Amino acid sequence: MLEPSIDVLQEKIKSKYKLVILSAKRARQVSETKDLQVENPKSDKYVGMALEEVVAGKLYLEEGND
Numbered sequence: 001m002l003e004p005s006i007d008v009l010q011e012k013i014k015s016k017y018k019l020v021i022l023s024a025k026r027a028r029q030v031s032e033t034k035d036l037q038v039e040n041p042k043s044d045k046y047v048g049m050a051l052e053e054v055v056a057g058k059l060y061l062e063e064g065n066d
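The sequence shown begins at 1 in our numbering and counts up by one.
Where hints are given, some of them may not hold.
[As the list claims (entries may be wrong)] With a straight-line cut-off of 27 Å between C-alpha atoms, the simulated BS3-like cross-links for lysine-lysine are:
(1) K18 to K42
(2) K14 to K25
(3) K58 to K34
(4) K18 to K34
(5) K25 to K12
(6) K58 to K42
(7) K58 to K14
(8) K45 to K34
The set of hints was computed from the structure by calculation and includes no laboratory data.
In this text the structure is predicted, and so the values were computed from the model without any measurement.
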């Protein structure tokens with residue numbers, strides 16, 4: 001996966017572990033509901049779509065959980 005880059009993602013969520021858990025849970029939601037927070041995602045895979053939501057600021061952890 002080339003986009004979004006890990007550097008850009010870690011500007012939003014510092015912990016790689018939390019980033020993986022958050023994006024995996026969101027990917028499952030997207031696969032079940034097809035409800036995306038971003039328009040025209042570059043990725044055709046659900047995890048990629050979830051990571052694009054992180055970069056767009058639509059998917060985040062609450063303050064104190066990062």
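For each hint, the structure was consulted:
With a C-alpha separation of about 23 Å, the suggested pairing of K18 with K42 holds against the 27 Å cut-off. Simply put, K14 and K25 have alpha-carbon atoms about 17 Å apart, close enough for the 27 Å limit, and the pair holds. At roughly 15 Å between alpha-carbon atoms, K58 and K34 fall within 27 Å of each other, so this suggested pair holds. At roughly 23 Å between alpha-carbon atoms, K18 and K34 fall within 27 Å of each other, so this suggested pair holds.
Distance hint between K25 and K12 is fulfilled; the C-alpha atoms sit about 17 Å from each other, no more than 27 Å. At most 27 Å may separate the alpha-carbon atoms for a hinted pair to count; K58 and K42 meet this at roughly 16 Å. Between K58 and K14 the alpha-carbon distance is near 16 Å, which keeps this suggested pair within the 27 Å criterion. Of the supplied pair hints, the one linking K45 and K34 holds, its CA atoms being roughly 12 Å apart against a limit of 27 Å.
Checked against the numbered hints above, the structure violates none of them.
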